[in-house]
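*Asks:* Each chain, written out:
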Amino acid sequence: MLKPLLFLLAAAAPHFGQPADPALIKAWDVSIPPDGKGLPPGQGSVAEGSGIYAEKCVMCHGVNGAGKPADQLTGGIGTLASDHPVKTVSSYWPYATTLFDYIRRAMPVTHPRSLTDHETYALVAYILSIDGIVKKDAVLDAKSLPKIKMPNRDGFIDAYGATKR
Amino acid sequence: MTSKTSRRKFLKTALVGGAGVATAIPARADEYITQAMTTPGRPFTAYGMPSPHEADVKRLLRPPGISPGSGASQTPLEHLEGIITPNGLHYERHHNGVPDIDPATHKLLIHGLVKTPLEFSVDALLRYPRVSAIHFLECGGNSGALATPQPVQATAGGLHGLLSCAEWSGVNLGMLLDEAGVEPEGKWILAESGDAASLSRSIPLAEAHEQGILALFQNGERIRPEQGYPVRLLMPGWEGNLNIKWLHRIKVTPGPTMAKDETSKYSQSLKDGKARQFNFIQPVKSVITRPSGNMTMNGPGYYEISGLAWSGHGKITKVEISMDNGATWVEAEMPGPILPKCLTRFRLPWQWDGKAVVLQSRSTDDQGNVQPTRDQWKAPYSSAQFYQCNAIQCWQVGADNTVKNVYA
Chain A
1 MLKPLLFLLA AAAPHFGQPA DPALIKAWDV SIPPDGKGLP PGQGSVAEGS
51 GIYAEKCVMC HGVNGAGKPA DQLTGGIGTL ASDHPVKTVS SYWPYATTLF
101 DYIRRAMPVT HPRSLTDHET YALVAYILSI DGIVKKDAVL DAKSLPKIKM
151 PNRDGFIDAY GATKR
Chain B
1001 MTSKTSRRKF LKTALVGGAG VATAIPARAD EYITQAMTTP GRPFTAYGMP
1051 SPHEADVKRL LRPPGISPGS GASQTPLEHL EGIITPNGLH YERHHNGVPD
1101 IDPATHKLLI HGLVKTPLEF SVDALLRYPR VSAIHFLECG GNSGALATPQ
1151 PVQATAGGLH GLLSCAEWSG VNLGMLLDEA GVEPEGKWIL AESGDAASLS
1201 RSIPLAEAHE QGILALFQNG ERIRPEQGYP VRLLMPGWEG NLNIKWLHRI
1251 KVTPGPTMAK DETSKYSQSL KDGKARQFNF IQPVKSVITR PSGNMTMNGP
1301 GYYEISGLAW SGHGKITKVE ISMDNGATWV EAEMPGPILP KCLTRFRLPW
1351 QWDGKAVVLQ SRSTDDQGNV QPTRDQWKAP YSSAQFYQCN AIQCWQVGAD
1401 NTVKNVYA
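Respectively, the protein sequence lines represent chains A and B.
The first sequence begins at 1 in this note's numbering and counts up by one.
The second sequence begins at 1001 in this note's numbering and counts up by one.
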C-alpha cells in the first residue's frame, strides 16, 4: 500500500521549467505599467517625434493624428459623455505609459519592434503635444513620462474590483 | 428495356392511381444503382477534408483592417450542429496576422514577482499532466452589430459568429506558477503573445492560477495556428481577447499593467462618459441558428427551431422561445450535454402557419443571470459601446419565406 502512495507523491509535482536566460527576460520584458517601472534610458522631444511621425505614422493615422485609415489618435477631449463620443489616445486612454508600451511593441504595423526607445519617447511626446497634453517643447524620458496626467485618467471603473468587494 | 419516357409515363400513371401504388418499384430499378455503388472508391487520405459538396460551409471573412492580418473571420453558426466547432471553422480575431511558429524554438517565459524565473520549451510543456474541458470562446466584440441604430441584415454567423466551442487540452497554469514560486506581492499576471501584435492583457493572479489552462490541443489535435499554435492561454468563459494566442510570456505583477487592449479597447463606455474596465466574463446569451438571418423558409409546415446558448458564468439552466414579441415564452428542450462555460444546444418543434412571426430566444444561467432585451442591454451604455453585447436576437420570419434581423 505504502509503496504506490510514495510513488504518487513523488510524481505529484513535475518540474520541467529551466531557469530563464536573463538575456531572454531583457529582450522580451517590454511591458510598462502606469508607474513607469521598466521604462528604458533615453529621451525624445516633440520636434523629433514630429519628424518620425511624418515618416512612419502619418500614412495610417493621418495628419495631426486625425485618423483614417487607422485609429484616430487625437481630438475628442470632453466628448465621452456626449451622444457622439470620440475615443482617442487624447480623449480616452488613461495612461501615457500605455502609449509608450504599445508603440514600442506593435508599431508601425508593417515593422513592429523596429522603433528605438529614443524614437518611441519622441513619438509619445509628439502625439501628446497635438492636443496640448504635453508642451510643444516637451522632452520625455523614464522620469517625466509616468507623471503625465491624461485627461481621462479617472474615467475608468474597475468592474473586477467592484465584484470582489 | 423500358425507355425513360415510358418510365415517366408509368410513374405518372402510378401516382394518379393513388397513394397506395406510389411506392411501386420503378420499371428500371437499376437506375437506383448509383456509380458510388458500382465503382471502387478513392484510396485513403492522410488528413481528411470535408466533402467537396460542403464547400460553402466556410468562415465568413470580414474585410481586413489596417494590415492584411488585422481583423476577423466568423464561424458559420447556421451551418453547424451540436456544440463543437470544427477546427477549420473556429472564429479568428487577429491583430497583425497569424505567425508561423516552429515549436522547436518557441518558449514560454514566466517571470516578474517569482522566486525563480523559468522558461519552458514546448516539449517541456507536453510533459506535464493534462486537463481537458469543452469551453466556448467568444470575442468581446461579438454581436456588436446589434448595437447599431438599424438592424444589419446578415446570417447568424455574420452577426454572432465570433463564437466557437472546442475541447481544449493542456496544462494547468497554476502548476507552472507554483513551480516558479509567486512572491507575496504578486497579485496580477500579464500574458503576452509572441506574434507581430505582442498582444498583452492583465489578469488577476488568483483567477489565472485557479482557472488558467495552457492549451496545447484543440478537439484532439494540436491547436491550429489561427488559435495560437503551439500554445494559447485559455480562461474559460472569459472575453476572447485575453485568451492570449501564441503565448510566450507571463509576468507576475503587483497590479494591472493597463495594456492597450484593457484600456483603449475592450472597455465598456457608459452614458455618463465613464467606462467599465476588467469586466472579464462573457455574459449569458443565446441565438437561434435555425431558422436565422438570410435563410429561406420552405413555406408553412413543420420546422425544428434550434440554436445555441452559453454563459461565461456557468451552466445554462433554461432557454425560452417567444413567438409574440416577448409577451409569452415557452421553454425549449436542451438534450445535452449541458456543461459550464460551454455552448449548449436547444431545440423546439414548431408548426409554422406561414404568417409573419418574430422568433426570439432568451437564456438563463445557474447564477441566475437572464439574457436582456436589446433595449435593456443598451440602457446603461454610451452610443459608441458595443462590447459584450448579449442582447436577445429577434428573427422576423416573413410570409414571403424570408428571415430578417429586426429590432422588436
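It is worth saying that the hints were derived from the structure and are not from the lab.
This structure is a prediction, so every number in the text was calculated from the model and none was measured.
Virtual Cβ for every residue (Gly too), placed ideally from N, Cα, C.
Please note that a few of the clues may not be correct.
[Unchecked claim] Pairs of lysine-lysine, DSBU-like flavour, derived with a Cα cap of 35 Å:
(1) B:1115 <-> A:135
(2) B:1318 <-> A:143
(3) B:1318 <-> A:149
[As the list claims (entries may be wrong)] Just so you have them, the derived chain B footprint on chain A, three or more residues with Cβ under 8 Å:
(4) 21 to 34
(5) 38 to 48
(6) 93 to 102
(7) 132 to 139
[Stated by the list, open to error] Looking from chain B toward chain A, a few residues come up when the C-beta cut is under 8 Å (computed):
(8) 1038
(9) 1041
(10) 1196
(11) 1200
(12) 1253
(13) 1263
(14) 1273
(15) 1367
(16) 1370
(17) 1374
(18) 1377
(19) 1378
(20) 1379
(21) 1383
*Asks:* List in ascending order the numbers of the hints, as given earlier, that are violated by the structure.
*Replies:* Failing hints, ascending: 1, 2, 3, 5, 7, 8, 9, 15, 16, 17, 18, 19 and 20.
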